[in-house]
Amino acid sequence: MRLNVAVTGLHAADNPAPGIGVIRCLHHPEKWDGKIIGLAYDALDTGIYDEGLLDHAYLIPYPNSGSQALLDRLLYIHEQRHIDVIIPTLDSELPVFQKLEPALRASGIATFIPPKPVTDLISKANLAELCKDEDIPFPETRIIRDPAELMDAVNEIGFPLMIKGIYYEAYTCNSASDVLQHFDQLRLKWGLPVILQKKIESEEFDICCVCDRDSELLGAVPIRKTRLTDKGKAWAAVTLKNKRLLELSARILKQVHWTGPCEVEILKDVKTGRYNLIEINPRFPAWIYLCTGADQNLPKMVVELALGKKPAALEPAKSGICFVRHAIDLVCPLEYIENLTTLGELHYSPDNKH
Amino acid sequence: MSEIFSSELTMSKNGFLFDHGSGLTYTLNTTGQLIFNLLESGKKSTQILEKLMTEFDVTEDTARKDLDDFYRQLKELGLIDQ
Numbered sequence: 001m002r003l004n005v006a007v008t009g010l011h012a013a014d015n016p017a018p019g020i021g022v023i024r025c026l027h028h029p030e031k032w033d034g035k036i037i038g039l040a041y042d043a044l045d046t047g048i049y050d051e052g053l054l055d056h057a058y059l060i061p062y063p064n065s066g067s068q069a070l071l072d073r074l075l076y077i078h079e080q081r082h083i084d085v086i087i088p089t090l091d092s093e094l095p096v097f098q099k100l101e102p103a104l105r106a107s108g109i110a111t112f113i114p115p116k117p118v119t120d121l122i123s124k125a126n127l128a129e130l131c132k133d134e135d136i137p138f139p140e141t142r143i144i145r146d147p148a149e150l151m152d153a154v155n156e157i158g159f160p161l162m163i164k165g166i167y168y169e170a171y172t173c174n175s176a177s178d179v180l181q182h183f184d185q186l187r188l189k190w191g192l193p194v195i196l197q198k199k200i201e202s203e204e205f206d207i208c209c210v211c212d213r214d215s216e217l218l219g220a221v222p223i224r225k226t227r228l229t230d231k232g233k234a235w236a237a238v239t240l241k242n243k244r245l246l247e248l249s250a251r252i253l254k255q256v257h258w259t260g261p262c263e264v265e266i267l268k269d270v271k272t273g274r275y276n277l278i279e280i281n282p283r284f285p286a287w288i289y290l291c292t293g294a295d296q297n298l299p300k301m302v303v304e305l306a307l308g309k310k311p312a313a314l315e316p317a318k319s320g321i322c323f324v325r326h327a328i329d330l331v332c333p334l335e336y337i338e339n340l341t342t343l344g345e346l347h348y349s350p351d352n353k354h
Numbered sequence: 355m356s357e358i359f360s361s362e363l364t365m366s367k368n369g370f371l372f373d374h375g376s377g378l379t380y381t382l383n384t385t386g387q388l389i390f391n392l393l394e395s396g397k398k399s400t401q402i403l404e405k406l407m408t409e410f411d412v413t414e415d416t417a418r419k420d421l422d423d424f425y426r427q428l429k430e431l432g433l434i435d436q
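Those protein sequence lines, which keep their order, are chains A and B. According to the numbering used here, the first sequence is numbered sequentially starting from 1. According to the numbering used here, the second sequence is numbered sequentially starting from 355.
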C-alpha cells in the first residue's frame, strides 16, 4: 500500500530539527513507496532543498498562529496530495497537533503522538514531582515559582548546581552570584518557574524510544554522544547495548503512560553508578537516522502504529554503530525559493495525489 | 563475553576496544591485547604470566608488573568489578 507521509521540522542547521532524519529513515533501505510531503515554516528551511528527499514541500503557519490556521492549511494540503500520516517532530508544535488530532483523524489523517495530559506530566516544571511520586531516580530538584524562594532552595541543594529555563537553556552555577545572574536572565527570557537541580558528575546517555498505545516499549536505540557542538547538540554518537538503560526507559515510559516516539535522557552518576532520568523529549531526536544502522527503523514503526497496526517489539538495537554529522551546501535554482515564497509550495514529483 | 568483565567488550585486531555498555573506546598496546585476549578466553593469572614471559621474553617480575598494571587500569575504568 502506497502511503503519503507528511513530516515537519525540516530546518537542519546548527541546532538541527529531526524531520530530515525521519524522512531519511522512511527512505531506508529503499525510496519510500508513497509520497513524502515536507511541511516547512520558512522558505529557507534547509531540508526542502535536499533533492530526492521530498516529493512536495508546503509552508505551514507557525504554531503561534493558532490551531485553526494550521488545520486549514493541512486540510488544503490534504485535498491536494492526500496525507495518510503526519509525523510532527518539534516540541513547540506538539500542543497544537494534540489539539488538532481529533479533527485530523476525522479527515483521514493519522498521527501517533503522546496525549496532552502525558506531555504535561513530563514537562520540566512537573517532572521532578512525578519522579518522586513514581519512585523514578531523578537529581535533587527545586522548582522556583517565586523569587523569594530562590536562596533557600540554593542552600538546600548546594553547589555546584544547574539552573534551567522552563523551556530552554541551562547553566552550571558554582556561587550565589552565578545563580542570581542566571536566574534573572532565565526568568526574563522564559518566565517562571525556573528550575534548580543538583549537578552530578555523570555520563549522559540518550535513548530514542517508541511506545504503543499500551505504553509498551516496542523499539529503543540507546546512544552515547561522542562529540557535541557548543550548544550541546550531538555531532557524533555511538549506539550501545545496555540492559539497564533499556529497562529504566521501559519502566519510566510505562509509568507515565507514554504513547509515540520520544528521546529519554539519562545521567549515570559516576560516583554511585545510579542512573537518573533528566528529561523526556516528546519527539524523535535529530540523530534518528542512526537507528537504521542499529536495525531499528523507528519512524517506519510510527507510521504503522499511526495506521492502527500492531507491530511486534524489535530485537535489541545493534551496538557499536556510529554517526558523524556533516554539513554540506545544497545548490538549487532561484525558482524553488520563488515558488515557496510566492505560492507556499514546491513540487518535485508529478502532480498526482497518490 | 567473559564473566570477568562488567560489560560487553569487543576488541578489533588493531587493539581498539569498545565498551558496548558505555560507548567508550580504548586503545591497547600489544601487551594489553595479549592479556585481554587471554582474559576473555578464561585463562587464569598464572597462565597469563607464563604466556607473557614466553611471548615477550621477560622475567616473571616484569610480566607480573605488567599484568598487575593492566588489572589496575581495568578496575579504575570500571571494566572489571574485582
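Keep in mind the hints are simulated off the structure, nothing from the lab. It is possible that some hints are incorrect.
Claimed, not checked - Restraint ranges, calculated between C-beta atoms of paired labels, are given here:
1) Asp415/B x Asn174/A: 46 to 52 Å
2) Glu430/B x Thr229/A: 29 to 35 Å
3) Asp152/A x Phe370/B: 47 to 53 Å
4) Thr229/A x Thr379/B: 54 to 60 Å
5) Ile358/B x Ala236/A: 54 to 60 Å
6) Phe159/A x Thr384/B: 43 to 49 Å
7) Ser107/A x Ile358/B: 45 to 51 Å
8) Lys397/B x Arg274/A: 32 to 38 Å
9) Cys322/A x Glu409/B: 30 to 36 Å
10) Asp152/A x Glu430/B: 17 to 23 Å
What the hints assert, rightly or not - Pairs of lysine-lysine residues, derived as DSS-like cross-links and limited to a Cα-Cα distance of at most 25 Å, are as follows:
11) Lys132/A x Lys99/A
12) Lys189/A x Lys243/A
13) Lys268/A x Lys231/A
14) Lys31/A x Lys300/A
15) Lys241/A x Lys198/A
16) Lys225/A x Lys429/B
17) Lys367/B x Lys241/A
18) Lys124/A x Lys31/A
19) Lys367/B x Lys271/A
20) Lys254/A x Lys31/A
21) Lys318/A x Lys367/B
22) Lys397/B x Lys429/B
23) Lys254/A x Lys124/A
24) Lys243/A x Lys419/B
25) Lys367/B x Lys397/B
26) Lys189/A x Lys199/A
27) Lys231/A x Lys243/A
28) Lys241/A x Lys300/A
29) Lys268/A x Lys241/A
30) Lys268/A x Lys429/B
31) Lys241/A x Lys429/B
The beta-carbon is built from N, C-alpha and C at its ideal position, and this holds for glycine as well.
Taking the hints in turn, this is what the structure says about them:
1. Checked against the given bound of 46 to 52 Å, the beta carbons of aspartate 415/B and asparagine 174/A, roughly 47 Å apart, stay inside it.
2. Checked against the hint of 29 to 35 Å, the C-beta distance between glutamate 430/B and threonine 229/A comes to roughly 30 Å, which is consistent with it.
3. Against the hinted window of 47 to 53 Å, the Cβ-Cβ separation of aspartate 152/A and phenylalanine 370/B comes to about 50 Å, which satisfies the hint.
4. One distance hint, 54 to 60 Å for the beta-carbon pair threonine 229/A and threonine 379/B, is violated here, with the actual separation near 21 Å.
5. Distance hint for isoleucine 358/B and alanine 236/A: a CB-CB separation of about 30 Å, inconsistent with the stated range 54 to 60 Å.
6. Between phenylalanine 159/A and threonine 384/B, the C-beta spacing of about 46 Å keeps the proposed range 43 to 49 Å intact.
7. Our hint of 45 to 51 Å for serine 107/A and isoleucine 358/B is violated, since their Cβ atoms are close to 60 Å apart.
8. Distance hint check: the CB atoms of lysine 397/B and arginine 274/A are about 34 Å apart, consistent with the given range 32 to 38 Å.
9. Range check, cysteine 322/A to glutamate 409/B: Cβ separation about 33 Å, and the 30 to 36 Å hint holds.
10. For aspartate 152/A and glutamate 430/B, the Cβ-Cβ distance of about 39 Å falls outside the hinted range of 17 to 23 Å, so the restraint is violated.
11. Between lysine 132/A and lysine 99/A, the direct Cα distance comes to roughly 29 Å. Violation of the 25 Å bound is thereby established for this hinted pair.
12. A threshold of 25 Å between alpha carbons decides the hint, and for lysine 189/A with lysine 243/A the separation of about 39 Å lies outside it, so the pair is violated.
13. About 21 Å separates the Cα atoms of lysine 268/A and lysine 231/A, which keeps this hinted pair within 25 Å; it holds.
14. A hinted pair counts as satisfied when its Cα atoms are at most 25 Å apart, and lysine 31/A with lysine 300/A qualifies at roughly 12 Å.
15. Proximity of lysine 241/A to lysine 198/A is assessed by CA-CA distance (about 28 Å); at most 25 Å being required, the pair is judged violated.
16. Proposed proximity of lysine 225/A and lysine 429/B is supported: the alpha carbons are some 24 Å apart, at most 25 Å.
17. Taking the CA atoms of lysine 367/B and lysine 241/A, the gap is near 21 Å; set against the 25 Å cutoff, the hint holds.
18. Restraint check for lysine 124/A and lysine 31/A: not satisfied, since their Cα atoms lie roughly 38 Å apart, outside the 25 Å limit.
19. Taken as a hint, the lysine 367/B and lysine 271/A pair is broken in the structure, with Cα atoms around 33 Å apart against an allowance of 25 Å.
20. Pair hint lysine 254/A plus lysine 31/A does not hold up; C-alpha atoms about 34 Å apart against a cutoff of 25 Å.
21. Proximity of lysine 318/A to lysine 367/B is assessed by CA-CA distance (about 20 Å); at most 25 Å being required, the pair is judged to hold.
22. For a cut-off of 25 Å, the pair hint linking lysine 397/B to lysine 429/B stands: about 18 Å separates their Cα positions.
23. Taking the CA atoms of lysine 254/A and lysine 124/A, the gap is about 19 Å. The hint holds against a cut of 25 Å.
24. Of the supplied pair hints, the one linking lysine 243/A and lysine 419/B is violated, its CA atoms being roughly 35 Å apart against a limit of 25 Å.
25. Restraint check for lysine 367/B and lysine 397/B: satisfied, since their Cα atoms lie roughly 19 Å apart, inside the 25 Å limit.
26. For the suggested pair lysine 189/A and lysine 199/A, the alpha carbons sit about 22 Å apart, so the restraint of at most 25 Å is met.
27. Proximity of lysine 231/A to lysine 243/A is assessed by CA-CA distance (about 29 Å); at most 25 Å being required, the pair is judged violated.
28. Taking the CA atoms of lysine 241/A and lysine 300/A, the gap is near 22 Å; set against the 25 Å cutoff, the hint holds.
29. The suggested pairing of lysine 268/A with lysine 241/A holds, with an alpha-carbon distance near 15 Å, which does not exceed 25 Å.
30. Taking the CA atoms of lysine 268/A and lysine 429/B, the gap is near 18 Å; set against the 25 Å cutoff, the hint holds.
31. The straight-line distance between the Cα atoms of lysine 241/A and lysine 429/B is roughly 21 Å, inside the 25 Å bound, and the hint therefore holds.
Consistency note: the structure conflicts with the earlier hints numbered 4, 5, 7, 10, 11, 12, 15, 18, 19, 20, 24, 27.
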